[in-house]
Amino acid sequence: MSVVRDLHAALEPRTGEMLAFVKELVAIEAGSYDAAQVAKVGEAYGARWKSLGFSEKQHPLAERGPQRSFHFKGAGKGKLVILGHADTVWPAGSQPDWGFSADGTHAYGPGVGDMKGGLAMAWFAVDALIKAGHALPADLSMVLVPDEEIGSVGSRKWIEDCVRDADAVLVLEPTRPQGGGVVVGRRAVGAIKAFYTGRSAHAAVNAAEGASALRAACRAVLSLEALSDLPRELVVNVGILKSGAARQVVPHEAEMHVDLRAAYPEDIPRLEADVRRIVADTGDPRVTVRIEGGWSRPLFPESAGKALYALAEGLAKEIDAPIRPVVSSGGSDGSFAGALGRPTLDGLGPICHDTCSRREKIEIASLAQRGAIFGALIQAIAARGAAAVAP
Numbered sequence: 002m003s004v005v006r007d008l009h010a011a012l013e014p015r016t017g018e019m020l021a022f023v024k025e026l027v028a029i030e031a032g033s034y035d036a037a038q039v040a041k042v043g044e045a046y047g048a049r050w051k052s053l054g055f056s057e058k059q060h061p062l063a064e065r066g067p068q069r070s071f072h073f074k075g076a077g078k079g080k081l082v083i084l085g086h087a088d089t090v091w092p093a094g095s096q097p098d099w100g101f102s103a104d105g106t107h108a109y110g111p112g113v114g115d116m117k118g119g120l121a122m123a124w125f126a127v128d129a130l131i132k133a134g135h136a137l138p139a140d141l142s143m144v145l146v147p148d149e150e151i152g153s154v155g156s157r158k159w160i161e162d163c164v165r166d167a168d169a170v171l172v173l174e175p176t177r178p179q180g181g182g183v184v185v186g187r188r189a190v191g192a193i194k195a196f197y198t199g200r201s202a203h204a205a206v207n208a209a210e211g212a213s214a215l216r217a218a219c220r221a222v223l224s225l226e227a228l229s230d231l232p233r234e235l236v237v238n239v240g241i242l243k244s245g246a247a248r249q250v251v252p253h254e255a256e257m258h259v260d261l262r263a264a265y266p267e268d269i270p271r272l273e274a275d276v277r278r279i280v281a282d283t284g285d286p287r288v289t290v291r292i293e294g295g296w297s298r299p300l301f302p303e304s305a306g307k308a309l310y311a312l313a314e315g316l317a318k319e320i321d322a323p324i325r326p327v328v329s330s331g332g333s334d335g336s337f338a339g340a341l342g343r344p345t346l347d348g349l350g351p352i353c354h355d356t357c358s359r360r361e362k363i364e365i366a367s368l369a370q371r372g373a374i375f376g377a378l379i380q381a382i383a384a385r386g387a388a389a390v391a392p
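The sequence shown runs 2 to 392 under this note's numbering.
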């Protein structure tokens, strides 16, 4: 008996149902800063899990909508956590000219791959396991995060508590389109914000009275970006610089956002210290700076994804599905699980192209294909527990 082949055969005829659920979720505009809409995604998604006998827990998160998790005590072995998120990068108002659509090959829309498609796929995979009579893991949790797209700052501790003793963690970020890439590791990700305050003045009449916050910020930009070392996968990028009230006024305020990426543990504290030092040196004692932020996503080592990837690779081969391991410079909630040393495999959702762009689309056929792999991974944990992913 091949569980993955049987699941693929069961899910393919339900592709239309899966697409209908994806459409339902995409229609709920759920930008990270719109707590009410993010909550609506949780309500719609939770109704599905509760229909399978899962119980719900809610944990309030101020200004971001509730953290939700859904739990089931199965007849199998092991503790398994599925990680997903309800929010998208797209704010309300994105859909009047860009809603859900499908052309037979691809489905389009805001958040269709990241990660409304993955959410729908996961539910159908578990439903297919139940319908086929497979035991679910002894402790199965679906954890739905409301603020992933803005770094899960409010959810990190909760996520870590959920995954700390898991035998395996499966993450519903989309599969990469090149060769079916799934994520076995992630780089550390940081975000630093600097808020400069100077003194305004008319640039011609009394320029000497002014202290330019913008000049102080600009002074830092080249030094910050010079910290990048691409061969070492060390990246510092100034992505936002805002300042100025009028052309003829010395700017008294400036705001700068800096993105950090690191691949090696020893680089992490040094890079943050260097960034803070450069940002703090305003070059003008009349200009002050307030610095916020730090490392938002820890390093997810490849060792955490190795055993689960080997299992997934074997399952993919059974249904001739493309698969390859990827180490990503982007972060996800899987980073928290991987950093704790829990066996973690990320990027298990449907195959997605142009994630987080207005060209975002998923391959429709991959809903059943990747869903079968995902479901077979769950069944393997239920059958063997921690032994299924033993090194």
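No wet-lab data here; the hints were simulated from the structure.
It should be emphasised that the depicted structure is a prediction, and the values quoted were computed from it without experimental measurement.
Every residue, glycine too, gets a C-beta built ideally from N, C-alpha and C.
Please note that a few of the clues may not be correct.
Claimed, not checked - Taking lysine to aspartate or glutamate and the EDC-like style, the derived pairs with C-alpha atoms no more than 20 Å apart in a straight line are:
1) K194 x D128
2) K74 x E13
3) K24 x E44
4) K318 x E13
5) K80 x D162
6) K158 x E64
7) K80 x E30
8) K78 x E13
9) K318 x E273
10) K243 x E256
11) K194 x D275
12) K41 x E30
13) K78 x D128
14) K74 x D166
15) K243 x E293
16) K80 x E64
17) K194 x E273
18) K58 x E210
Said to hold, decoys possible - Pair by pair, the computed Cβ-Cβ distance ranges are:
19) R271 x E293: 41 to 51 Å
20) S56 x G331: 25 to 35 Å
21) E293 x S224: 18 to 28 Å
22) G331 x P97: 47 to 57 Å
23) D166 x A48: 26 to 36 Å
24) A247 x R325: 51 to 61 Å
25) A28 x G105: 15 to 25 Å
26) A21 x L231: 38 to 48 Å
27) V222 x S330: 17 to 27 Å
Numbered hints the structure breaks, given as an ascending list: 1, 2, 7, 8, 9, 16, 18, 19, 22
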